[in-house]
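*Asks:* What follows is the residue order along each chain.
There are 2 protein chains.
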Amino acid sequence: MAEPVLIAGEWRDADASSTFQAVNPRTTEELPGDYPVSTWQDLDAMLDAAVDAYRVMRLLPAETLAAFLDLYASKIEADIETLATVADEETALGKSPRFMNGEIPRTINQLQQAAAAARDGSWATPTIDTGTGLRSMMRPLGVVCVFGPNNFPFAYNGVAGGDFAAAIAAGNPVIAKGHPSHPKTSQMLAEFAFEAVKETDGMPASAVQFFQRSSRDDGAKLMADPRNAALGFTGSRPAGMALKKACDDNGKLAYLEMSSINPVVLLPGALSEKLDDIVEQFLGSVLMGCGQFCTNPGLVLGLKGDGIESFITKATEQFNAKPGGTLLNEAGQKSLSSGIEAIKSVGATCVTEGQAGDGFSVPNTLLKIDGASFLSDPEKVQTEAFGNSSLVVIADDVDQLLAIVRTLEGNLTGCVYSAAAGGDDEAYAAIEPDLSDRVGRLINDKMPTGVAVVSAQNHGGPYPATGHPGFTAVGFPATLRRFCKLTSYDNVREARLPDLLQDTNPGSVWRWVDGAYTQADIGAAVG
Amino acid sequence: MAEPVLIAGEWRDADASSTFQAVNPRTTEELPGDYPVSTWQDLDAMLDAAVDAYRVMRLLPAETLAAFLDLYASKIEADIETLATVADEETALGKSPRFMNGEIPRTINQLQQAAAAARDGSWATPTIDTGTGLRSMMRPLGVVCVFGPNNFPFAYNGVAGGDFAAAIAAGNPVIAKGHPSHPKTSQMLAEFAFEAVKETDGMPASAVQFFQRSSRDDGAKLMADPRNAALGFTGSRPAGMALKKACDDNGKLAYLEMSSINPVVLLPGALSEKLDDIVEQFLGSVLMGCGQFCTNPGLVLGLKGDGIESFITKATEQFNAKPGGTLLNEAGQKSLSSGIEAIKSVGATCVTEGQAGDGFSVPNTLLKIDGASFLSDPEKVQTEAFGNSSLVVIADDVDQLLAIVRTLEGNLTGCVYSAAAGGDDEAYAAIEPDLSDRVGRLINDKMPTGVAVVSAQNHGGPYPATGHPGFTAVGFPATLRRFCKLTSYDNVREARLPDLLQDTNPGSVWRWVDGAYTQADIGAAVG
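Going down the list, the sequences are from chains A and B.
For the first sequence, numbering that gives the first Met the number 0 assigns the number 0 to the initial residue and increments by one for each residue that follows.
For the second sequence, numbering that gives the first Met the number 0 assigns the number 0 to the initial residue and increments by one for each residue that follows.
Calculated directly from the structure, the hints in this document are not laboratory data.
These figures come from a predicted structure and were not determined experimentally.
Note that the Cβ used here is the ideal one computed from N, Cα and C, for glycine as well.
Do not take every clue at face value.
[What the hints assert, rightly or not] Reference excerpt, derived from the structure (chain A facing chain B, CB under 8 Å, subset only):
#, residue
1, Trp-39
2, Val-453
3, Ser-454
4, Trp-509
[What the hints assert, rightly or not] A few chain B residues that don't get close to chain A, going by computed Cβ distances all over 12 Å:
#, residue
5, Gly-8
6, Val-22
7, Asp-43
8, Thr-124
9, Pro-125
10, Arg-134
11, Asp-216
12, Pro-237
13, Glu-329
Using the sequences plus the hints, can you model the full thing?
*Replies:* In structure tokens:
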């Protein structure tokens, strides 16, 4: 019997076209448990139930949403060790420190931060013009589908991660899709979420629904459906682009986080000041988690000279010194290998000669290419090779480096290492504007991995890293603003206004009133 | 010789595939002046120049952008009478009060508000997390194309209106397209804009470029081009949808304001309290400017009974009492007539029998339909009949009214008139959540026309009224946030940060620091 799906407030048998099993990436053997590939009948039923849930949720006090998020977080915390064990079996990412000390605590923290943002209310940018009486704020949007990726079974999981937390905190029901790389982990999370729903007074039973998988066509049909409002997606570019198209063509919002190769510019002064530090930081960033991070430094840009050559030599030694790690699944292994081949086909050469490791694995791979070759086919040479691989580009001079930067696609991050003593300042000034235009987060003197969950974070960036450069997938309260609509209330009687817009500030909400932020009541300052 | 276009800092002959003339809508005769239909060669040249301009503008102090906007506003003000005369000839909307006392002053005010928003800086939501050192803000986006509509030759003009002002204030160059209904008005505005560019120290000559028209294919090619970043569009649904698709398919942002029929619900208690007032307000709103407003009340929803019947009787008398006004152009006349026919084909009957007026004109038209017939083809009966026409729907009861509301497409506005004494409160509560979900601005007890340019305005709404329900085309500073990208600065040395993110607040900018808005310097509160 296949495992169930969570539809309309109950765990029930899927209407399944087939089933699949998870695979242990270390052994490449199937794990126990048959998981369903849902047909349209399941998705259709979820959409109906989600619309009903939305009609309740849009009127709920923020406290109810917050209480649910906090309760769900506490349930994850209470079973952290089991969750970490299950996820490690399915992903080989490591029970500890990765899950126990990193990703699960982060996930719990995200749910709690989302709860705090919902309680605070300032995220909704309540705006009041006392002269005309117009008042506006962000309101819930409708049914939100969240599709999680393979590489973060908790922090970006469709039923537990940042998109999920943001969509719920903004007042929307979620239809969550698991990922075939970690079905048991996702199902356990969905179970905790549903328990928390049931135990939270006022939350409709279908506030959270969950399925494991569908056909690609049904996924697109789900996006296009009039009952759906938006998508939160983290994953590969081909999958993301197909869903984006289905959303775009039907006026649905698509918030996507797709590929990124995260250029790191190593200027000569910085290499001369602290070569060993930079090599060490690079190794930690590019090989950690077998390189399977959205912000993995897949592209290093340097200027011709001893500095970058020494960097390559030292990094190569370290790459060769140990076998490649275990990748998440066979698809990841194939995709990494074919990405490397695409980069080579433009003229890059492989400078490493290490060994593959256990299970699904590819040797740690460092490639290099000269600037002119890069510019001969900049699109192809930017193919994402997701995993323990990176490409070093050696530009002839700053002009060529700038020309290369100007060919870069949109990325989540871009780093520049420059001399503390100031020797690289001219080169920095030459490339910074074009680099920062092409990235969501501009970094100085450190590597891109490590995404702090703070308000000034931007885990986003220009297309095709995401679908809209104005939004972030990480960082409260901004991340809530993706899953909402702006509503202006014109001459609406005060008792009919949402509490955030009434004369009396319902808490300590920051509101934009007549051109300034204030926590005061309306009329309080007058008389 | 055809009139010139403004490309790369000079007025020059277009590379034109053909020319066109404006038409006086009152006489239906052509006005003097041949205007060019630009080929791709012109658009290509504008894109190159705009990229160069962007590279300068992204580094400009906000004061430069603001000074340009203020200077441009003053130039329009200085020649207001000529502009009003020219625009009236091209549109028949009326020199005064429409242009002299309404639209041109509003346009001047919008440019000045955009300047003030740029100077203030709070629009960019500077965000600082002192714990991690991460700092983020909205930054300019790139080249913005702005396509204006037929019905607002100033306030929404591609080279003078709200989208233009917002794009420039946020630091982006604009490629503006005129509208064939008012080419001379647009050209004069572009002339003033270019003079202001030249007279503003630091503004690149190609900050503003202008063309009159292109083929549809070239318009789509302009959107898709890698050098373009975004579109601001106001106009018809077919044109908007074609441009949206070209943007979506290529990862460009499309901010569109398309069709809207602006439902107005008249509840029985309100009709019983103040029927004559409501009829008068409705007439003013639906026939003003010959009904050619984005927020024209094209759909009235009532409950079966004496109230709505009396409303229809009184409105019909007034509709019949005078001939229809003059529409903007022949296309508008045809589109209005065919919209009325589409609505009739679903079962609506025309209750008016007035006369057409001068030039391009259609009789004032009031239609009515019962709720069941509306629900038989809700999509078709919502066809926009843009002009001096409206459809009254008579629902059997509140349940059917709610069912009708739930079939409504996204609209800019939705109104509810309800009894002051409270007799309609139950019906209001039943329909408000679904109505407000489907509109950008929810209104009580007044008609939708009249869009105040204030911070709490939302001139936007769910698809297909616009392409994204989170943004507004009117209302500073929010409207600037469409034409920008979020950039996070991680570990970036302080001297390299934009001034809005440095420790010292460069003015009185509101910044979100560690979870609260403040105008203080960083570190100022400590010690």
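*Asks:* State for each hint whether it applies.
*Replies:* Quick rundown of the hints versus the structure:
no.: 1; hint: Trp-39; in the structure: violated, 23 Å
no.: 2; hint: Val-453; in the structure: holds, 4 Å
no.: 3; hint: Ser-454; in the structure: holds, 5 Å
no.: 4; hint: Trp-509; in the structure: holds, 5 Å
no.: 5; hint: Gly-8; in the structure: holds, 21 Å
no.: 6; hint: Val-22; in the structure: holds, 34 Å
no.: 7; hint: Asp-43; in the structure: holds, 18 Å
no.: 8; hint: Thr-124; in the structure: violated, 8 Å
no.: 9; hint: Pro-125; in the structure: violated, 9 Å
no.: 10; hint: Arg-134; in the structure: violated, 5 Å
no.: 11; hint: Asp-216; in the structure: holds, 20 Å
no.: 12; hint: Pro-237; in the structure: holds, 15 Å
no.: 13; hint: Glu-329; in the structure: holds, 30 Å
Hints 1, 8, 9, 10, counting from the list given before, are not met by this structure.
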